[in-house]
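K.L.:
Read off the chains here:
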Amino acid sequence: MKTITKLWIGLGIFAVLSPLGLLLPEHFKAGDAWGEWGLDGIKELAGYIPKGLEKLSSLWSAPIPDYAFKGWEEKGMAFLSLAYIFSAIIGMIIVVFAVLLLGKFLSRKK
Amino acid sequence: MHIPDGYLGPVTCGVFYAVMLPIWATASRIVKKTLKAKQVPLLAIGAAFSFVIMMFNVPIPGGTTGHAVGAVLVAILLGPWAACIAVTVALVVQALLFGDGGITAIGANCFNMGFVEVFAGYYLYKLISGRSPITSGRRVIAAAIAGYIALNIAALSTAVMFGIQPLLHKTAAGESLYCPYGLNVAITAMAGEHLLIFGWVEAAVTALVVKYLQKQDPDLLEAGEEVAE
Numbered sequence: 001m002k003t004i005t006k007l008w009i010g011l012g013i014f015a016v017l018s019p020l021g022l023l024l025p026e027h028f029k030a031g032d033a034w035g036e037w038g039l040d041g042i043k044e045l046a047g048y049i050p051k052g053l054e055k056l057s058s059l060w061s062a063p064i065p066d067y068a069f070k071g072w073e074e075k076g077m078a079f080l081s082l083a084y085i086f087s088a089i090i091g092m093i094i095v096v097f098a099v100l101l102l103g104k105f106l107s108r109k110k
Numbered sequence: 111m112h113i114p115d116g117y118l119g120p121v122t123c124g125v126f127y128a129v130m131l132p133i134w135a136t137a138s139r140i141v142k143k144t145l146k147a148k149q150v151p152l153l154a155i156g157a158a159f160s161f162v163i164m165m166f167n168v169p170i171p172g173g174t175t176g177h178a179v180g181a182v183l184v185a186i187l188l189g190p191w192a193a194c195i196a197v198t199v200a201l202v203v204q205a206l207l208f209g210d211g212g213i214t215a216i217g218a219n220c221f222n223m224g225f226v227e228v229f230a231g232y233y234l235y236k237l238i239s240g241r242s243p244i245t246s247g248r249r250v251i252a253a254a255i256a257g258y259i260a261l262n263i264a265a266l267s268t269a270v271m272f273g274i275q276p277l278l279h280k281t282a283a284g285e286s287l288y289c290p291y292g293l294n295v296a297i298t299a300m301a302g303e304h305l306l307i308f309g310w311v312e313a314a315v316t317a318l319v320v321k322y323l324q325k326q327d328p329d330l331l332e333a334g335e336e337v338a339e
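Quick mapping for you: the protein sequence lines, in order, are chains A and B. Reminder that position 72 of the first sequence reads as 72 in our numbering, one-by-one numbering, no gaps. Just remember that our numbering sits 110 ahead of the position in the second sequence, which is counted from 1.
Hints were generated in silico from the structure; no laboratory data involved. We treat Cβ as the ideally placed atom computed from N, Cα and C, and that holds for glycine. Check each hint, because a few of them may be wrong.
[As the list claims (entries may be wrong)] Computed Cβ-Cβ distance ranges for the label pairs, DEER-style:
hint, chain 1, residue 1, chain 2, residue 2, range
1, A, 17, B, 307, 17 to 23 Å
2, A, 61, B, 237, 41 to 47 Å
3, B, 147, A, 39, 16 to 22 Å
[What the hints assert, rightly or not] Derived pair list, reagent style EDC-like, types lysine to aspartate or glutamate, alpha-carbon separation capped at 20 Å:
hint, chain 1, residue 1, chain 2, residue 2
4, B, 325, B, 335
5, A, 51, B, 285
6, B, 321, B, 303
7, A, 6, B, 332
8, B, 236, B, 303
9, B, 148, B, 327
10, A, 43, B, 285
11, B, 236, B, 336
12, B, 143, B, 335
13, A, 2, A, 40
14, B, 146, B, 336
15, B, 142, B, 327
16, A, 6, B, 303
17, A, 2, B, 332
18, B, 280, A, 54
19, A, 75, A, 26
20, B, 146, B, 329
21, B, 146, B, 335
22, A, 6, B, 327
23, A, 55, B, 285
24, B, 142, B, 336
25, B, 321, B, 335
26, A, 51, A, 66
27, A, 2, B, 329
28, B, 143, B, 336
29, B, 148, B, 329
30, B, 143, B, 332
31, A, 70, A, 40
32, A, 2, B, 327
33, B, 321, B, 332
34, A, 29, B, 303
35, B, 148, B, 336
36, B, 143, B, 285
Next comes chain B alone, as it looks inside the complex (with noise of 0.2 Å):
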């Protein structure tokens, strides 16, 4: 899911650093006020986690490779905004770093896993878990469904952007300037292959760090919950 340099034209590279820049503003604004200094070391872990989980590619037997992104787990943890920038974290560190994503798509990669992944998955985590408490099996399925969802939504959102290429940018003879393939290539192929395999990763590695913490350190969890209010 991290767009590399070069399969998104300027016009579409701009438009999201721009959407991305009054997010981060706020996502700072607001995480100056509600984290607690002490949570810092777990924001670290959160980034820390979304990097390295990012590492595990899955194989598609004979066709391409995914992963899941953590974002959702990062977002029940410390609220969305604290997840915000834990991914812009970790995804720039892989841009700059490793050429995990382009730096010219830094605004559009953080924009699908880092705000729409993080935001769906965890309205999703609230709207399922309802009033349930802390520890109740009903959390762990909230969990799982949101990372299943967020990630999917997150893959339609980069194959939207991968689609519109061709649209917007062709040569006279008709061939694209950046990403070949239109809406229909695009979101068939990301889509499926999230829907079928990368989304199930995203489940399984969210429910269980929450079915794990439930165990082991309920009161994390619940801190969670305050800081995003």
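Next comes chain A alone, as it looks inside the complex (with noise of 0.2 Å):
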């Protein structure tokens, strides 16, 4: 097999595996990454929300927040993780095709 094919393959697995990145640190009690807090997460570590953060923080609402779909928030960690497979798959997709149109421009044609 082609080392490409197999590479392929390989993201594949790291889809399905995904949602570890999800359960461990929930397992572990593990909170938000380091500065990536939400406003309620920042008020309790800092004692009060700043005020421009609190304006910059609704700028964007992403599509699929947190790799999480809207509405399954309280459908516990199956969906979720279920949920975070397809993000997975969903971004792995727009990425690659992203980069395989980058790529007509970008490259060499020999």
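Both chains are given apart, each in its own frame, so use the hints to dock them into the complex.
P.N.:
So, in structure tokens, the structure goes:
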């Protein structure tokens, strides 16, 4: 099998395993990454919500926020894991197509 | 390491967009000259790998989480300029589609992970590898060290961006407008957790894939050497 084929398969395996990135932090009670807290989190930590931060934080509403489907937040870890895998697949497909498209313009013909 | 919207003030956001524009332009120019059309699929795989590896949040029990970036690996495989483009694409998709990293901070996040980490990792790898053969064990160690140190430099750069906010923007009452933590706190936290845990994850990911490719397809690693020159 060609290496490149194996690497594509490897990406598929990563997608399926991706919920580990959700379940392990949950299991070990690890919170947000440093500096990536939501407004509630920052109020708890710093004692106040910085004014500019509050204003800018809602600037962009992503279609699949935090790799979870809207409305699925309360459905439990199994559903969140499923959404996480979907997010990994959707994200990778878009990334791949974006790079292939860019690569059309940004590569030597021969 | 994905700085969200609101943690950096307009000055920092603007400066790093301005810094990244010529870097992106240079990357495009160089990649257009050096990347072969048949290497484009590998670049796509590299970008997708970086995208997905960042979803593997590693916990510090009872504390925070972090993740590898995969930027050093892509730089080893395709050279730093192509890696810069690959990581940029991954970060832009994460920001726009998944809200992971702010849109105002895309310049800053790309600077940290797509430029600082990529170039630091690439040159460390080159330096430590020296003239060793493509399949030598020295290159696996070089990949590990480059991954570890480069991720830590990127984390430090991120921490400095966070930490200068209270110096730049304060209300009359002394509250910060954006990131509330100064350099001391930000650097201690970010450097600590990346030195302790997340750097090793980047080291392992980078070294394992290099080791795998040495066995599976040394030519592919060799091609990476050429494209970078």
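K.L.:
Give a verdict on every hint.
P.N.:
Hints versus structure:
1. A/17 / B/307: 17 to 23 Å: Roughly 19 Å apart at Cβ, these two residues keep to the hinted range, so it holds.
2. A/61 / B/237: 41 to 47 Å: This hint holds: roughly 44 Å between Cβ atoms.
3. B/147 / A/39: 16 to 22 Å: Since residue 147 of chain B and residue 39 of chain A have Cβ atoms about 47 Å apart, the given range 16 to 22 Å is violated.
4. B/325 / B/335: holds, 17 Å
5. A/51 / B/285: holds, 9 Å
6. B/321 / B/303: At roughly 26 Å apart (the allowed maximum being 20 Å), residue 303 of chain B and residue 321 of chain B break the hint.
7. A/6 / B/332: Since the Cα atoms of residue 6 of chain A and residue 332 of chain B sit roughly 18 Å apart, the hinted pair holds (cutoff 20 Å).
8. B/236 / B/303: violated, 26 Å
9. B/148 / B/327: Holds. Residue 148 of chain B to residue 327 of chain B sits at ~16 Å (cutoff 20 Å).
10. A/43 / B/285: holds, 12 Å
11. B/236 / B/336: holds, 13 Å
12. B/143 / B/335: Cα-Cα ~15 Å, so holds.
13. A/2 / A/40: At roughly 49 Å apart (the allowed maximum being 20 Å), residue 40 of chain A and residue 2 of chain A break the hint.
14. B/146 / B/336: Holds. Residue 146 of chain B to residue 336 of chain B sits at ~10 Å (cutoff 20 Å).
15. B/142 / B/327: This hinted pair is violated, its Cα atoms lying about 25 Å apart.
16. A/6 / B/303: Between residue 6 of chain A and residue 303 of chain B the Cα gap is close to 33 Å, so the pair fails against 20 Å, i.e. violated.
17. A/2 / B/332: holds, 16 Å
18. B/280 / A/54: holds, 14 Å
19. A/75 / A/26: Holds, because 15 Å separates the two Cα atoms, which is no more than 20 Å.
20. B/146 / B/329: Judged against 20 Å, a Cα distance of about 15 Å means the pair holds.
21. B/146 / B/335: holds, 13 Å
22. A/6 / B/327: This hinted pair holds, its Cα atoms lying about 11 Å apart.
23. A/55 / B/285: holds, 15 Å
24. B/142 / B/336: holds, 14 Å
25. B/321 / B/335: holds, 16 Å
26. A/51 / A/66: violated, 23 Å
27. A/2 / B/329: holds, 12 Å
28. B/143 / B/336: Given pair residue 143 of chain B, residue 336 of chain B holds - Cα atoms ~12 Å apart, limit 20 Å.
29. B/148 / B/329: Roughly 14 Å separates the two Cα atoms, so the pair holds.
30. B/143 / B/332: holds, 18 Å
31. A/70 / A/40: The given pair, whose Cα atoms are some 19 Å apart, holds under the 20 Å limit.
32. A/2 / B/327: Satisfied, since the Cα-Cα distance of roughly 9 Å is no more than 20 Å.
33. B/321 / B/332: holds, 13 Å
34. A/29 / B/303: holds, 16 Å
35. B/148 / B/336: Judged against 20 Å, a Cα distance of about 14 Å means the pair holds.
36. B/143 / B/285: At roughly 50 Å apart (the allowed maximum being 20 Å), residue 285 of chain B and residue 143 of chain B break the hint.
Hint compliance for this structure: hints 3, 6, 8, 13, 15, 16, 26, 36 are broken, all remaining hints hold.
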